[in-house]
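As given, the protein sequences belong to chains A and B, one line each in that order.
The opening position of the first sequence corresponds to residue 1 in this note's numbering, with each subsequent residue numbered one higher.
The opening position of the second sequence corresponds to residue 1001 in this note's numbering, with each subsequent residue numbered one higher.
It is worth saying that the hints were derived from the structure and are not from the lab.
Glycine included, every Cβ here is placed at the ideal spot set by N, Cα and C.
It is possible that some hints are incorrect.
Claimed, not checked - Okay, the calculated bits of chain B under chain A, using three or more residues with CB under 8 Å as the criterion:
no., region
1, 1027-1035
2, 1145-1158
Said to hold, decoys possible - Simulated DEER-style distance windows between Cβ atoms:
no., chain 1, residue 1, chain 2, residue 2, range
3, B, 1023, A, 55, 30 to 38 Å
4, A, 27, B, 1138, 55 to 63 Å
5, A, 55, B, 1109, 20 to 28 Å
So the chains spell out like this:
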Amino acid sequence: MIRKPSALLLLSVVSALGAQSGNRPAKPIAVIINASKADSPMFLYNYGQFIEHIGDLTNRSLWAEMLDERRFLLSHRLKACGAEPSARNSG
Amino acid sequence: MRGTVANRWRPIGPDKSEVMDSKEPYTGDHTPLIKLAGAEPRGIQQSGPALCKGKSYTGRVVLAGEAGARITVSLIWGPRPADRQVIPIMGLARSYSKFPLKFTAGGNGEDRRSEIAGTWQGSFHIGAVSLMPADNIRGFRPDTTGLLRQHRTGRYRFPGENFISAHEWRGTIGDSDKIVETPLIETSKALRNAPLSAHEFENSSIS
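Just chain B, with the same shape it has in the complex (with noise of 0.2 Å):
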């Protein structure tokens, strides 16, 4: 579902298989921690929006793992096995590594959903995801954005007025994917799960 409620993170697997590590995160306090058990897929999944047939996707996923675990990004868009595109991550290694991801989707089922799992032994670290898709210019929808310019309203600054006005900017340049903002009052909770940083911001093409 997209809207203000936040999608979230369910486990492949038992509860019991994923902890948030705050001993190596690699962004926050925490990262997710996977346990690998054999041949059983081990991991974290969440149900996506919408995609559209013969649309390509790109990401990354930052990873972090055991020589022993092997692992998988998926996109599923139905319920038939051939109803996804699994993409093995190579070379993962004992410090975060950044893996890109091409998708191309083969439909919009009502179970689509993005999966990173592992099998076989030890564990492994998923220190940030991202997943858009890949027309778009520089993180930012080519077809809203082109709405925008249609109006001519110059430029646009971000953030804007009192919604954000305990939002501290100097947590949201750099990486954007260990970017930590630290909002303080009660209506910028929607700031912490907010994928979009003045940083991204300034390298927009709408800026």
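Bound-form chain A, shown alone (with noise of 0.2 Å):
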């Protein structure tokens, strides 16, 4: 379980509509920040990152496998002299 300090927050605000409003006299918003307590730890779930398929960041870098077109996907026949595979559809 991954602990973030998390404040404690204390808000106070009072009418913020009303003070855009412009009919009545602007009332002061205060915020308390309390940093000497601490909140309950962070869901694991809402705490990370992303990884995706961008260069080399998934494929060479992160998964170790070292093998290309290992289950044979594509459409070409396997030729001798470097042709380029035609995909087998667009994607």
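From the two separate chains plus the hints, produce the assembled complex.
Right, dumping it as structure tokens:
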């Protein structure tokens, strides 16, 4: 479980909409952060990053597979002279 | 060459000794079918990534073939006949079977490659093949995933962002040797060759 310090937020909002309306005089908005108090730990699934197939980020860097086209999904015949394959569809 | 351009499988022997067979595919639309020619080897080869001398590599190959076929899988790290390890496949059958592979590299020469080849009679299909460093952690590299852990960034989600906006995740679960991704957009072309599926990531050590 990842523990992130979480400040207890005491929020005092006094008629924010009213303050913007111009009909009444603006009233102050106050925020008090008490850094000495920690909230419960952040939920595990709320905190992290994502990984995607940009360049070699996933397949060459994180995934350990050493062979390409290991399931032979492309439609090309295997050519001795290095002809480029044609993809089966646009994707 | 390792990079965004995928390494290609090349035939061992003439082009016509290998066809993409759509009648008995192991996965996808077609599977390589190798026609044998006596003592002269026939099969496929792929130039390999960097090897480390003394390091072990494990994998598997999915094969089906006729009784007269003698199949070997080789890891080659140099030009001399001794610069290779050859694993004979025992128990080849007409139906697809998975055969485990384990190599120890003896070097890292420029002509390093992997070969799946057969001799003698008949033909054989190559359904799928995989090769990884033996110290992989459920398919992931221990060095790079270790670096990610040092960042203490918590969970990693996969796939991510617009890059795979048309990615069909339902095509990426199950036996990883049979997975056929079906992305629809051009930018997803890289995924067609992607060894890594969402299912594999789900089982990974860094998620």
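Open item on the list: For the hint 30 to 38 Å, verify it against the beta carbon of residue 1023 of chain B and that of residue 55 of chain A.
Closed with: holds (37 Å)
Open item on the list: So is the region 1145-1158 of chain B in contact with chain A by the C-beta rule, three or more residues under 8 Å, or is the coverage claim wrong?
Closed with: holds (count 9)
Open item on the list: A range of 20 to 28 Å was offered for this pair. Does it hold for the Cβ distance of residue 55 of chain A and residue 1109 of chain B?
Closed with: holds (27 Å)
Task: Within 8 Å of chain A's CB atoms, at least three CB atoms from the region 1027-1035 of chain B: coverage verdict - done: holds (count 6)
Task: Satisfaction of the hinted span 55 to 63 Å by the C-beta atoms belonging to residue 27 of chain A and residue 1138 of chain B - done: Since residue 27 of chain A and residue 1138 of chain B have Cβ atoms about 58 Å apart, the given range 55 to 63 Å holds.
This entry satisfies every hint, going by the numbered hints stated previously.
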